[in-house]
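Spelled out, the chains give:
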Amino acid sequence: MGLRDRLLGWPVYRQLTGTDPLGRGAAACSNRSAELTARTEGADRVARSVCPYCAVGCGQRVFVTDDQVTQIEGDPDSPISRGRLCPKGAASRSLVTSPLRQTTVRYRRPYGTEWEDLDLDTALDMIADRVLAARAETWEDVDAEGRPLNRTLGIASLGGATLDNEENYLIKKLFTAMGALQIENQARI
Amino acid sequence: MANADVIVIQGSNMAEAHPVGFQWVMEAKRRGAKVFHVDPRFTRTSAVADAYLPIRAGTDIALLGAVVNHILSNELDFREYVLAYTNAATIVSDDFVDAEDADGLFSGFDPATASYVQDSWQYAGHERDSGSGHTARERETAAGLRHESHGAPVSRQVQRDDTLQHPRCVYQILKRHFARYTPEMVERVCGIPREKFLELARAWTENSGRERTGCLIYSVGWTQHTVGVQYIRTGAIIQLLLGNVGRPGGGVMALRGHASIQGSTDIPTLFNLLPGYLPMPHHAQHPDFDAWVDSIRHPGQKGFWGGARAYAASLLKAYWGDAATPENDFGYGHLPRLTGDHGTYQQVLNMIDGKVKGYFLLGQNPAVGSAHGRAQRLGMANLDWLVVRDLFMIESATFWQRGPEVATGEIVPEQCATEVFFLPAASHVEKEGTFTQTQRLLQWREKAVDPPGDARSELWFFYHLGRRIREKLAGSTLPRDRALLDLTWDYPTHGRLAEPDAEAVLREINGYDTVSGRPLSTFTQARDDGTTAIGCWIYTGVYADGVNQAARRRPGHEQDWVAAEWGWAWPANRRMLYNRASADPQGRPWSERKRYVWWDADAGRWTGRDVPDFEVTKPPSYRPPEGATGPAALAGDDPFIMQSDGKGWLYAPSGVLDGPLPTHYEPAESPVRNPLYGQQANPTRKRYDHPVNSTNPSPPQQHDEVFPYVFTVSRLTEHHTAGGMSRTVAPLAELQPEMFVEVSPELATLAGLTHLGWAHLITARAAIEARVLVTDRLAPLTVDGRVIQQLWLPYHFGFEGLVTGDSANDLFGITLDPNVLIQESKIGTCDVRPGRRPTGAALRELVQDYRTRAGIVPGVLPPAVTPGVPVEPPGSTGDGEGNP
Amino acid sequence: MVDPPHRPAVPPQSSLPAADPATAAGWVDAPPRMGFFTDTSVCIGCKACEVACKEWNGVPTAGLDLLGMSYDNTGALTANSWRHVAFVEQPRPAGHGTASFAGNPTGDPAGPASAARSAGTVTQPGTEPGLLPGEPPAAARMTEFLGMPAAGPPGRTGSAEGRSDFRWLMMSDVCKHCTRAGCLDVCPTGALFRTEFGTVVVQEDICNGCGYCVSACPYGVIDRRVDDGRVWKCTLCYDRIGAGLTPACAQACPTESIQYGPLDELRERAAARVATLRERGETQARLYGHDPDDGVGGDGAFFLLLDEPEVYGLPPDPQVTTRDLPAMWRRAGLAALAMTAAAVGAFLGGRR
Amino acid sequence: MNRDRPAVGDRFRRFRAGRRGGEELAVPPAEFTSYYGRPILKPPVWTWEIAAYLFTGGLAAGSSLLAAGGQLTGRAGVRRAGRFAALAAVTASAGLLVKDLGRPERFHHMLRVAKPTSPMSVGTWILAGYGPAAGLAAVAEVAPLLPTRGPLGLARRALPPVGRAAGLAAAVAAPALGTYTAVLLADTAVPSWHEAYADLPFVFAGSALASGAGVGLLAVPPAQAGPARRMAVAGAGLELFGAHRVETRLGLLGEPYRTGRPGRLLRAGRALTVAGVAGAVLGRRSRLVSAVSGAALLAASVATRFGVFHAGVASARDPKYTVLPQRARLDRRAADPGR
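Protein chains in written order, with my numbering: chain A, 1 to 189; chain B, 190 to 1073; chain C, 1074 to 1425; chain D, 1426 to 1764.
I should point out that these hints are in silico values taken from the structure, not numbers from a laboratory.
Don't be surprised by glycine CBs; every beta carbon is placed ideally from N, CA and C.
Some hints here could point you the wrong way.
Stretches of chain A that chain D covers, calculated by requiring three or more beta carbons in the stretch to come under 8 Å of a beta carbon on chain D [what the hints assert, rightly or not]:
1) 23–31
2) 175–181
A short, non-exhaustive set of chain C residues, derived as facing chain D with CB atoms under 10 Å [to be verified]:
3) THR1349
4) LEU1350
5) ASP1380
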């Protein structure tokens, strides 16, 4: 950047030569300000989503740049929410990008006093084994009068209500086939 | 909602719990609608309402009953609508004895099981074929939930008196039942001054009828009571009498608190239901497929449940595919059987008793979010293994390390055997799928990014868990493993993480033709011969023509206000249920102003702004032929097509377990003696006499004075349920950074509490501490000459996250509504003291001291029937199986 | 050195056309001036604006302390809170058909007697009924606490009518983007500048944290961030509106309490709204900051209030400090001359 | 985390403490309402550096005038003392100003624009002119120490005339430097500063003169200190006159100048000024008394500057100083719509 450019770029020079003698606006504007634009403009993609909090079902637009969620805001197209969000919905980006989020499997062995790390695949395998063991141990074929029961009361589940219908469907389908009856969710609470 | 002329918000703090939904209320208000808010506490909703009525928590039926009485005694009902569309004219059996005449009990009460035999409640001439008989079992299986989509069975041939003069017609019974619910009684029971009550009653009735409609909005402030279902019934009765159901700007609007809580009952992860509100079979009731199916459709019954056999067969077909054939009853034998109550609270008690080995928590935090937190944590501490899937390290995952019981020495990490797996979950932007919001609308979510690290969706977890289990069982010959091995479990996966294809699952939910594989477009295509497979029949149509209808996003401003092309609503994309009622019996709109759906005589079809919730070509004049069943049996003026008689029920001969008519009972814990009946609380409420469970004494019991104050809990706008998704998020945490309790200035002085000082609340279950907010938004009420002090707490706090505090749910015991087994967690009695609570062993001693003073023996609960209330044995004897 | 008094006269009153500050700031054919109209009569105090602002602008957390000012735990507009929702609990009529608490127990705070009554008994009370020894009644202290001594909150004053009526005011405060902005006038670096939309924005790449603007703001809005050293405030989402988007807070607001648009339109809409409210008996409704002739030449972000401004923590009659600047320079020049004269005199006097 | 907004957190804790302690109760008086008694304005974020700069800036101005006087009237001692004091003071000033910035490394942004509407910008350019001149003048004083030959010899011959020019230039800028700081404070929303705009310049001008005189009294033998004595008298006169008006003519907004810490500081300043002047005049024979008087005048100037500074801060912290005067103004306007 030559001396000349420096001079021309110097707000005082712009004040003396431009439309803004008092240096209040145009002359004082910095390069950064001049080039500023909304970060959502440059988003790689926008996902149409739905707020995960209450049951109103407000539409959300999720802006993604470099596979990072850069902004989540109301979807003006939604006839339900018309682009508006409550404080929780408005905090969705902080929710999904929260530094407190757990991103690794944690394991507490019986009588343990601390968490340990565990590989996801191993965890899944251990859980499968325990499910089968609990099922075998508590299986009920028939009741006292020989009527079929086909069930285990040794396994229980409590689900939140932020699960998708598809997820609930698989959960119910698998547990039912497994004979696990005690499947409950938030709706009871 | 925006079309309403009056909006009554009760049992809901809509502005705080559903701010964005509340924009429609504000819109109606801008257009001049009057907004009433009834709540124990002056909330942000009250702040913008036209009128606020402070009410004693748990007395809503007394208030609403008085509105019914106001309507009936002044003949203010929408007579033409009531006659045509409700069962007002139907004659009821003369065996029926009203609670008014029996000190709070209806006829048919069986003291052995503390439940009703409903035969005497039936319509005249149908005493024996009620199809429900003894209700003890229905309670155990929370059968009430089934009626989410359809009424309970009654025969369609009934005696009527269209003059409504017959002493045993529903109209007259209703009139007598609520005769004592006067403005004076409202004042005595609810603490609402009569002129204020009259203001509400007048506004409500004046803004209803042919030209105007009123909307009633409730939320968990109603459901979380031992008489929750009856609260809603009372509201519905008012709306039916005023002609506010099935019409624009009318209705009884339930505001649900979770993104897909509607979906999780439609496609239930509930012990007693299968998808589409099909009941989970009962070992005694449903020995085989036919018995099971008939118990759903009730042969000869009117309405769309006539197709139950096809829905059931199609579900089993979707589950077990080729292994499900008509010959083997579509694998009905594979289904597990109920023997009683297997609900979440029963489960927790079983955990404490060591009967449960493993527990999955899927985005749920019972250690904070469920009633009686201590029982929850003790239960989890007594498992073999626990799987927690969540975004954050929640209290339910760390109870063994940091829970309150560790401080009191009840849980010692070194001695706690529970093996805990914490698996990080994917957030809502890291997976695709549908949510079903509170108005039954399904909306598809696109995936924005991959979940971080080990985080995975539930879809991934359960698909791959199922895959592994099936691999491990491969080759097993055990009969019990057949159900797993025969299961259709072949969903395509994609991407780096091998994520199952959610659309493929949605397609199965929608249902398809097993021969051609073509997706079905409406549940009327369901067949019982195995040619259709449907995962959830009420959702059929969401994937019509192979198109994901839930993903439709035609901008709202390009559509009329019904916005039928945004997402997809069940059933059949109907935005308003029973909208046939928006036209008169002849099919004409009741009024231009409230035009919605009407009969187009020239075109010979129903038309209007919404998909008609009615067979579209059935003329208003249609009358069913003798012996017709199912949809064909519905007359052209039977708008309530899911009801077995096509009518709106003012009086429920069956289906509701605690009475055909709503009756005011005091909450399980109340400082007040029931002013209306000898019966203090709901006699059929679900009670658990487990040592960990206890109930504070209420009159006429001794020592109720030990817990002199009423407390109620609810939400703050700034937080979400158990706080797992808000106390962990900085911009929310800072807005409500600490647990607090709101008290009136009077109570502050009375109990010596200082603003921003500490206070601790004590019940028979626990003692918790909170910072004090002294505020005028809470006012003492005069009830029967006594001053009742009410406190309020948020229930969002726990010991993990950015902001922490004691959990309000620890204060509650476990007592449930008999119909749906939802706990009473909106009201309890307590004592409050200044200062912080003691810690460690001293804390348990404090609670024990209160139990002793209140004469509470662990596991011994107050009697279901208040001593002194006469009980005459039921007319017939059903085979009761419930354990009272 | 130029003698201060003879400097070119400074903006105030006439020299700046209040109508279009952007043009006055040297922007050629600037777009219409944009602003906020915040209608507190429909605010439900949900704080979505606070959160949406932080999410978009990456504003750090403002602290986790419970302030006990009703539901206000933000406290004020600061460098870390560019929107602030104020909550005011008042024993005043809220235009409710029937007074909210009419018919409820009133009079002096409940005494031992009613304590025993509410305990339903006289024997074995749960709490020791009656007043705390020593401590003055907690309630009495709330009077001063609420900062509304003029009308002691009900139930504590012992006046029945006091208890009977009640209202809860909520108001989302924000930078006013004044037509004559003190902060902008006094900024020595040009970090604060007037955008083409007529808004007032801090350029974070320029600000050197001299702090002058903080003292110059008549609303106490702009603030210096301690760990950062620069000043921060609402930018009316300069980046968003430049891209034709709505500012984050206005887009989120569920009840349209915060409205964004061309200032002229907003002023018309506001006038109509006040009229409607007055018709409906809301006699207290008034606009604040809408008047181009007020001390700051009118605000780019103005409000509909239901009570006096100071009740919400707003100055009743703000004035831009620089309107007196010419006079200040004149006095300074006089003093400078006096100073010179004194010095000259001191030495000349010595000659004699 | 609270550090992010001490203005809020602290204010509030004080406020709560106030309610219990009772002593410094932040409860607004009954005749006006506020939002939980919180300040409407943000109190200045400026710290002691700015108050100190008010002094050093004035000192520089006074010293330069003294130096110029000495230069023109051939009082070498006075000239030398004045020039050195001026350089020291202006250097300190620059240091203090930079130190007070939130982002010191960006101090040069001050020269980005020239804004007549910003006293700080004006002051920057004044300093930009004055500083080098004062510096050059002081450097010139070392000329006699330089060797007679070589390039430095050239400097030895060139410096004195340059010094004379620079000294005069500095003196011309000095009055502006000594008084603009008053506008710097007055041109804010801080009630007690702004309302005092008519009189503060005189307080500061006087204080500047007095401090400059103080240097003279300290540095030169009584025989040469005649002008300094007279400057002290004049300066004290100006300062006391202005201060009196500030405290008496502002009504409610004069209160902060009379009460609390600022009140004490200003009273001390007045006492020291009077003592200094008296000493200077009566003790004209004694080197010691003169020197002590000079020191007193300097101390007086320091006390006065800090007093004025803290008075303003106090007025911004209490909402009553914001609300009540504005209410009064509204009432006046209501009474007489003409205004």
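So which of those numbered hints doesn't the model satisfy?
2, 3, 4
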